[in-house]
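Residue numbers (my numbering), protein chains in the order written: chain A, 3 to 266; chain B, 329 to 486; chain C, 306 to 1098.
Hints are computed from structural coordinates only; laboratory data are not their basis.
These numbers come from a predicted model, not from an experiment.
Accuracy of the hints is not assured; some may be wrong.
To be verified - Cβ pair distances, simulated, as ranges:
| hint | chain 1 | residue 1 | chain 2 | residue 2 | range |
| --- | --- | --- | --- | --- | --- |
| 1 | C | D380 | B | E453 | 53 to 61 Å |
| 2 | B | G408 | C | I1011 | 42 to 50 Å |
| 3 | A | P158 | C | I1011 | 31 to 39 Å |
| 4 | B | D410 | C | E926 | 49 to 57 Å |
| 5 | B | K342 | C | D522 | 32 to 40 Å |
| 6 | B | E453 | C | R758 | 17 to 25 Å |
Stated by the list, open to error - Non-contacting residues of chain A with respect to chain B, defined by C-beta distances greater than 10 Å in every case (computed):
| hint | residue |
| --- | --- |
| 7 | S57 |
| 8 | K194 |
| 9 | A196 |
| 10 | G207 |
| 11 | S225 |
Glycine included, each C-beta is placed from N, C-alpha and C at the ideal position.
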Amino acid sequence: MYDFAYHKASSAADAASKAKGKSDAKFMAGGQTLIPTLKQRLAKPSDVIDLGGASDLKGISAAGGAVTIGAMATHAAVAGSADAKKAIPALAALAEGIGDPQVRNRGTIGGSVANNDPAADYPAAVLGLGATVHTDQRQIAADAFFVSVFETALKPGEVITKVSFPVPQKAAYMKFPSPASRYAMIGVFVAKTAQGARVAVTGAGNGVIRMKSMEAALDKNWSPAALDGVKVPAGTCNGDIHGTPEYRAHLITVMAKRAVAAAG
Amino acid sequence: MPQVSLTVNGRPVKVEVEGRTLLVQVLREKLGLTGTHVGCDTSQCGACVVHVDGKSAKACTLLAAQLEGASVTTIEGVAGADGKMHPMQEAFRDNHGLQCGFCTPGMVMSAIDLAKTNPDASEHEIREWLEGNICRCTGYHNIVKSIQAGSAAMRAAK
Amino acid sequence: MGADGIGVAVRRKEDVRFLTGRGTYTDDIARPGQTYAHILRSGQAHARIRSIDVSKAKAAPGVVAVFTGADMAADGVGGLPCGWLVKNKDGSPMKEPAHPPLVVDRVRHVGDQIAVVIAETRAQAKDAAELVEIDFEPLPAVVDSKDALKTGAPQVHGDAAPGNLCYDWELGDKAAVDAAFAKAHKVAKIDLFNNRLIPNAMEPRAATGDFDPASGDYTLYTTSQNPHVIRLLMGAFVLHIPESKLRVYAPDVGGGFGSKIYHYAEEAIVTWAAGKLKRPVRWTADRSESFMSDAHGRDHHSHAELALDKDGKFLALRVDTTANMGAYLSTFASCIPTYLYATLLAGVYTTPAIYVEVKAVFTNTVPVDAYRGAGRPEATFLLERLVDVAAREMGMDRVEIRRRNFIPTNAFPYQTPVALQYDSGDYFSTLEQAQKAADWAGFEARRAEARKRGKLRGIGISTYLEACGIAPSNIAGALGARAGLYEAATVRVHPTGTVTILTGSHSHGQGHETTFAQVVSETLGIGIDQVEIVHGDTNKIPFGMGTYGSRSLAVGGTAIVKALDKVVSKAKKIAAHLLEASVNDIEFKDGKFTVVGTDKSKTFGEIALTAYVPHNYPLEELEPGLEENAFYDPKNFTFPGGCHIAEVEIDPDTGVTKVVKFTAVDDVGRVINPMIVEGQVQGGVAQGIGQALLENCVYDKDGQLITGSYMDYVMPRADDLPSIGVATHTTLCTHNPLGVKGCGEVGAIGSPPAVINAVVDALKDHGVTHMDMPASPQKVWSVINGAHRKAAE
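Just chain A, same shape as in the assembly:
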């Protein structure tokens, strides 16, 4: 790891102000992705600003047809939240399946969403549920938030404060983990909402995406069988030693059908 200056922020505003004027400051939420990245010397920030002390970024609540999760809520907190489990059980279940218990004890929704790892789970929920990402400056709709691999609509110095998820009629997430890393090789989040079906896919390789063809089919007929006729082109996916594009494209269909079945 290259050395850097460490700062602890007491609030989102404090974090933003501490980042100002630094040549290459990085915000750290739970650190479960950032620290491994730093250990591999894949990043060389001048400053690391720890959000762990920002008490305004915590908390999980359900009200007004939405579940709102503070950016610094850990995966374990979401998985164990009675509010989340009651309102959007698929979201709590997704959190329960992220990484391993130690990652879930430290990793946060804000960190995951801001990092936008193409194999992360949370982006599928954010996009699949049509959530809104709140920052210290504005609100960003999920469809506008995820730009590309490891790239989001966040501007330099902008801090995610919370994510609000509208409560769907039905939803479920199904993941096919990579056999080695256990990250999503393919993860599919399906939701039936008042505005229609949403299907978000993570792990395919180019960042989280919506599968509009599947959404159209599910709008007509919310059932696993409805997806049989939807062809997922192999070009949707990247390949690696654990899965060719063809195999991954196939898994999108399998996981989507299983998710629809699980959602009921």
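Given the coordinates of chain A, assemble chains B and C onto it according to the supplied hints.
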């Protein structure tokens, strides 16, 4: 160099660290608590699992500077003050849940957290919980048995 | 059987220190004034080094020194030696290209050592290593052993190994095999690749060199399975330090599985650098370094043919194997695909004629050497797969064809056509016991039930044999071994009757501190808490060969027994003196020396005290003291064997294959501690299931290691594996006093073919006759999907 103050195994400590210093480095190199091991550099093997404020965490994936005011428990700190091993440690011994001993401290720390979080976990739940703890010696069979026995002993002791 | 004696599942003595965080592994040892070494490794698979400039690195903060291969060469440091000379078919010696600890002008695999940066902290050493400037001239690389043999392939060692060939070796009677094939009723054939594995002991390798300028003594702390072997090789061949001035200490070692047998470059580098700098030099591998510098395992291409008569009796076996050695010869690399592989190809069968050809080949990959099983898993996988193929060809039941060819239980000792003579075994009993435990008979009902759930279920069997405790030294020497294969032990009885055992065997998870103590307890009638086992420190223990090839109990344990026999013999003489009886009338039982037919007796403790306080003692005839040594060189290998049965379920939608039931019934000879044996077998089976379903070392065509961390290399985790049912059926080894055979490797040897045979069985309706390992989800899905496509066409 910044200083950080924390409690380790019930003892307050104050150490000088760089921004990049990891908790595991503080434990092993500054405090001589070499029971916490490093088995990988990608935060996956779990040989370094300790408890931070009562919850299991990877000491290789925490900056020491983050832990100002935190309470850390390592494998050296789980036995009783009289030296009597924790029921989970006893269960690993009774059930041959270790061979080379290298993954063992992390395994035990993770198992204690599981037993607290889910006191009567099924075999399936135990195996899933151990996603972040890799063992190369045992094939996990006896680790699962150990955790079942250790959890039962912890329930009985309540 | 005493409370702590042979056959009792006593809890392990070593566990308390491991469970309380008080083990002492190499990286736990801090030395005053220590420095930290970082090895700068090649990121290229094959390149010429035009120049190296270390000046900026030397000037970086905290840097103590930077050394390159030129510095070591200038100091006369030798190359890392290979411990086994294999000869070509024509009798000429194999090629042994130089293997310098730090390369001089050429890197030959990703991870090859280029320079060492030594600094006050680990981080400073790493920071400075980035400042070393190297001008590379990239060269084409070759990674697959078959490609390496092709005309025009990149040459890893140029003239030092033309055509990349290390050796072209053969074993068996070719004419007899050809004749048998000529009259065969059927010939079963298979082509397979035995996948390359990365051992991944959980403790990364580490080495600390220390030098005492006052005495001129060197100490190497290292993660080794055999410290004396390291002392011999490094002292005599690499650094030229006399044994009397070199201590090698392997303290607690966190798993080995073969990967910590070898003498590695880093051991020589830190020891040499400590001498140069007069300060301790520590090195500990990052896991990423382990992936590219620990010797890998397996990596065989094979073609095999089995000739059968009309009754399904095996007439002859013909095998052609190409073995990947990697870029250099690791310490025992050359003997793995020859003497530990080809000799095992008779398996448990009466095949009368066998002919094996093996080509060993250099490539631009990490060196390959023994990994749990070492040659025997490769032989077993080939044979047990081929037998299944043969059963299918013949339209015979898989179990029946095995039974028909088993070596009969009354045929021992049994001489195979590939050099080995088996001393004992009972393959029918282990088979029957395993079939019963696995409910083989009830399988079709389970298959039907699984089908209802949409799952493809299969069952597979492997009836295997292996050879442990490679020996004897004189025969091995004639075959090219450059070391002895004995083991040494000292039994030191203390005045109060407690005992210290100094053993050349090394424990890195096997539980010797307990098992060996049980052997002592059984013999001397004292509790295991009265027995201390010391291993790992060349300044304490007698010259021993360490632990590999499941040899510790059969060879090391026997050395202890031999030394104990001497202790008892002397103690009887002391007892005879004290009891005023003839030594022939003294009986030793349950810790008591008794004059036969009387109640006159002395305890073991009393004799021990007398030996050291010899006031009433036959000093004219007997020396005081009670301490004995023994070296034991076995007459033969031991031959564990057994039957493994795997049951798998495949999700046809995803290709995910799970072992849902695993049954192992092994004959490991006499069992000293059943709990430990069970654990050893379970661990071996887990590695075998890992090879069969999960693990695979992958290089791209340019020699980049794709599976360089746990992000890409599939390490078996708890939820990948089933509970593993283990039982034993014992026939005793006939040539060691304990009757033990060894249990460390049986799991990894017997299980892979059982799993793949189950996968093939599950997919038999999809036209599958073979699948190479690992049967990954993608591979299984492709096969099913391909079959679907074919069916639809």
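Now the hints, each set against the structure:
1. Evaluation of the 53 to 61 Å hint for C/D380 and B/E453 yields a pass: the beta carbon distance comes to about 58 Å.
2. Restraint check, B/G408 to C/I1011: a C-beta distance of roughly 48 Å satisfies the suggested window 42 to 50 Å.
3. Roughly 34 Å separates the CB atoms of A/P158 and C/I1011, a value that falls within the hinted 31 to 39 Å.
4. Against the hinted window of 49 to 57 Å, the Cβ-Cβ separation of B/D410 and C/E926 comes to about 52 Å, which satisfies the hint.
5. Between B/K342 and C/D522 the beta carbon distance is about 38 Å. The supplied range of 32 to 40 Å therefore holds.
6. Checked against the hint of 17 to 25 Å, the C-beta distance between B/E453 and C/R758 comes to roughly 21 Å, which is consistent with it.
7. Distance to chain B confirms A/S57 as a non-interface residue, since its nearest Cβ pair spans about 14 Å, more than 10 Å.
8. Every C-beta of chain B lies more than 10 Å from that of A/K194, the closest at about 28 Å, which supports listing it as non-interface.
9. Residue placement check: A/A196 keeps its beta carbon more than 10 Å from all beta carbons of chain B (closest about 34 Å).
10. Residue placement check: A/G207 keeps its beta carbon more than 10 Å from all beta carbons of chain B (closest about 20 Å).
11. Every beta carbon of chain B lies more than 10 Å from that of A/S225, the smallest distance being close to 29 Å; the non-interface claim holds.
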